[in-house]
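Residue numbers (numbering that gives the first Met the number 0), protein chains in the order written: chain B, 0 to 346; chain C, 0 to 177.
Calculated from the structure, these hints are not laboratory results. Do not rely on the hints blindly, as some may be mistaken.
To be verified - Some chain C residues near chain B, calculated using beta-carbon distances under 10 Å:
#1 H42
#2 D67
#3 V75
#4 F76
#5 N110
#6 E154
Ideal Cβ placement from N, Cα and C applies to all residues, glycine included.
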Amino acid sequence: MQQSTNIWFELGQLLKQLVLELTGMPWLASLAQTLLGIVGIFAVVMLAALILVYLERKVCAWMQMRVGPNRLGPFGIFQSVADALKLLTKEDIRPAQVSGKMWALAPVLMFMVVIITYAVIPFDAGVIFADLNIGIFFFVAVSAQTTLPLLMAGWSSNNKYSLVGGMRTVAQMISYEIPLVFSILGVVMITGSMKMSDIVKAQESIWFIVTQPVAFVVFVIAATAECNRAPFDLVEAESELVAGPFVEYSGMRFAYFFLAEYASLVASSCIAATLFLGGWHGPWLPGWIWFFLKVSAMIFLFMWFRWTFPRIRVDQLMAFGWKFLLPLSVANIIVTGVGLWLFFPLS
Amino acid sequence: MEVNTEKQSQQDLPALSPLAQLLGTDSVILTTVEQVLGWAQTHSFWPLTSGLACCALEMMATGAGRFDLARFGYEVFRPSPRHADVLIVAGTLTWKMAPPLVRLYEQMPENKWVIAMGSCAIGGGPFVDSYSVVPGVDKLLPVDVYIPGCPPRPEALIHGMLTLKEKVMAAKKRGGKP
Numbered sequence: 000m001q002q003s004t005n006i007w008f009e010l011g012q013l014l015k016q017l018v019l020e021l022t023g024m025p026w027l028a029s030l031a032q033t034l035l036g037i038v039g040i041f042a043v044v045m046l047a048a049l050i051l052v053y054l055e056r057k058v059c060a061w062m063q064m065r066v067g068p069n070r071l072g073p074f075g076i077f078q079s080v081a082d083a084l085k086l087l088t089k090e091d092i093r094p095a096q097v098s099g100k101m102w103a104l105a106p107v108l109m110f111m112v113v114i115i116t117y118a119v120i121p122f123d124a125g126v127i128f129a130d131l132n133i134g135i136f137f138f139v140a141v142s143a144q145t146t147l148p149l150l151m152a153g154w155s156s157n158n159k160y161s162l163v164g165g166m167r168t169v170a171q172m173i174s175y176e177i178p179l180v181f182s183i184l185g186v187v188m189i190t191g192s193m194k195m196s197d198i199v200k201a202q203e204s205i206w207f208i209v210t211q212p213v214a215f216v217v218f219v220i221a222a223t224a225e226c227n228r229a230p231f232d233l234v235e236a237e238s239e240l241v242a243g244p245f246v247e248y249s250g251m252r253f254a255y256f257f258l259a260e261y262a263s264l265v266a267s268s269c270i271a272a273t274l275f276l277g278g279w280h281g282p283w284l285p286g287w288i289w290f291f292l293k294v295s296a297m298i299f300l301f302m303w304f305r306w307t308f309p310r311i312r313v314d315q316l317m318a319f320g321w322k323f324l325l326p327l328s329v330a331n332i333i334v335t336g337v338g339l340w341l342f343f344p345l346s
Numbered sequence: 000m001e002v003n004t005e006k007q008s009q010q011d012l013p014a015l016s017p018l019a020q021l022l023g024t025d026s027v028i029l030t031t032v033e034q035v036l037g038w039a040q041t042h043s044f045w046p047l048t049s050g051l052a053c054c055a056l057e058m059m060a061t062g063a064g065r066f067d068l069a070r071f072g073y074e075v076f077r078p079s080p081r082h083a084d085v086l087i088v089a090g091t092l093t094w095k096m097a098p099p100l101v102r103l104y105e106q107m108p109e110n111k112w113v114i115a116m117g118s119c120a121i122g123g124g125p126f127v128d129s130y131s132v133v134p135g136v137d138k139l140l141p142v143d144v145y146i147p148g149c150p151p152r153p154e155a156l157i158h159g160m161l162t163l164k165e166k167v168m169a170a171k172k173r174g175g176k177p
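Next up, chain C with everything else stripped away, as it sits in the complex:
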């Protein structure tokens, strides 16, 4: 009891809601629907099977035995955009490939996120001066997380997806859109 009161006075917490005052904060888990749904969404990102260039090989390695993306529940690579949550742009995007990729993004149902993986996806990479390469997919898609590297290691991709998870959860706690 004493420890609890000390903590509250120290941290200068905001006023508790009447429900929380009635039930106490240490015996009952109080949460919002948004946070529960955010918990579900962030623990089952299903990426779209879409590899554009060499970064896709690192993406495949991430799913395989040594790095095992499945530990976080993110290994369900869905072939159909209708079932996918995350579009990992893994590789160089050319202007010729850009319309199909944007179309794939538009075909994904809402609550969808985009990860730009590798230098080419972030800003065109070594091909930035080329007439045929899109200088960064954020010209076309709303990118949530950028993963630098040429190509990024599998650990970096895992870190990127966990960063996306933190970003979504932070937005859910704040009560806004990610």
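Okay, chain B solo, but in the shape it has when bound:
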């Protein structure tokens, strides 16, 4: 966009220039730039998912005073490569009772929905696929759609465990999406814009985690529930519902869900870093490295939750969402409004 000096933005511009010089067709140049963005996002998501599967097992091992995978390559870094290859070779079982198209479509849809949310994530100044003026609203609206593929998977599997799992997704999403949106609203009120780049620019002097600590806590809790991670992983609660909506999926179909789960974890961490940790802002280092560090810290926080807290019951989850998080986030909005009215009466 403007005054961007980072290499990723320059790379995109270089490609655009190159195609323009070679073909002389502006539409082809912008098409090439768009495709580069899509390929870049796919590369980021796939790599992140592969690395996170390994990292999750390592972090889990450290928290439980174990060693974790260490046989494949140095420190076992090729463990998730072996897992992915193995899942590719597994037999593709399609049970007789499933309702075909819905069942086959659910994993693909799940992955697509998560990928779409990456369109509005600002990785660095100017490095954002689509800087919509309703950016954060777009993210919330699209990421809430992860409910539908899970419900589709649960219902079309024709299995009692998966159906209960699918229904739980919906119940969980309704009770956690509202506090999530309300916690974001505090940030939007201060910024006065839903555009992602504006939200990051507003944090040049002070991060919103300082001015909106309550909103940050509510957001992190609600995002944990939205990613279906422990202590809120009631959707695939192993001890009650064998594997929730994923019960009947084998091999690569299951791997798609796995991939989407980690991709949505990365997306939620990116949004947390953008809204509350100042996005790409930071001294000395280039912006994208700062963003990477902040996202890594958020991912570690989510993993820390997962291996520290036990799974809670479904009624406790509902009560916590509706009776505690929702009033807290509404109170945060009121306090933020009063504060804005007191200190910035005219803006």
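Following the hints, complete the assembly by docking chain C onto the known chain B.
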């Protein structure tokens, strides 16, 4: 160069393929798809969470901190048979439990293996004369690896899984079925 020729003459190697002759054997890794897939499969056995009796407690201990099955990448105990690779029959199998266990085995997708853990799973153990105990799960399932013991120690289970890995890799190198 000299060392290489010496080695080849000593070991009486089979004739190299044209590709290997062209590229040389010491600079390029030549392998088959089967072996790569075998490498992947043998390094990520995901066992099914299925404990029948006291051997299951040793199986749990294997996953915990002191023995740490995770080092080999085998700690992903999957609750659903659709995601699992290895069925560890850990404990006494009764005739009443036999149909569900066989069903669980049938629900697992292909490239699946069975490990019989402990005396009861191998041959009925101390209950071999009982009217209710299956005298060895190999009456019902194709067992790949037998782990003796009553119950086997966690080290024995780890050794059993590594033996399974060697068995699968040997079959992949030979080019047949395990």
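Are any of the numbered hints broken by this structure? If so, which, sorted upward? Number 6 - this is the single hint that the structure violates.
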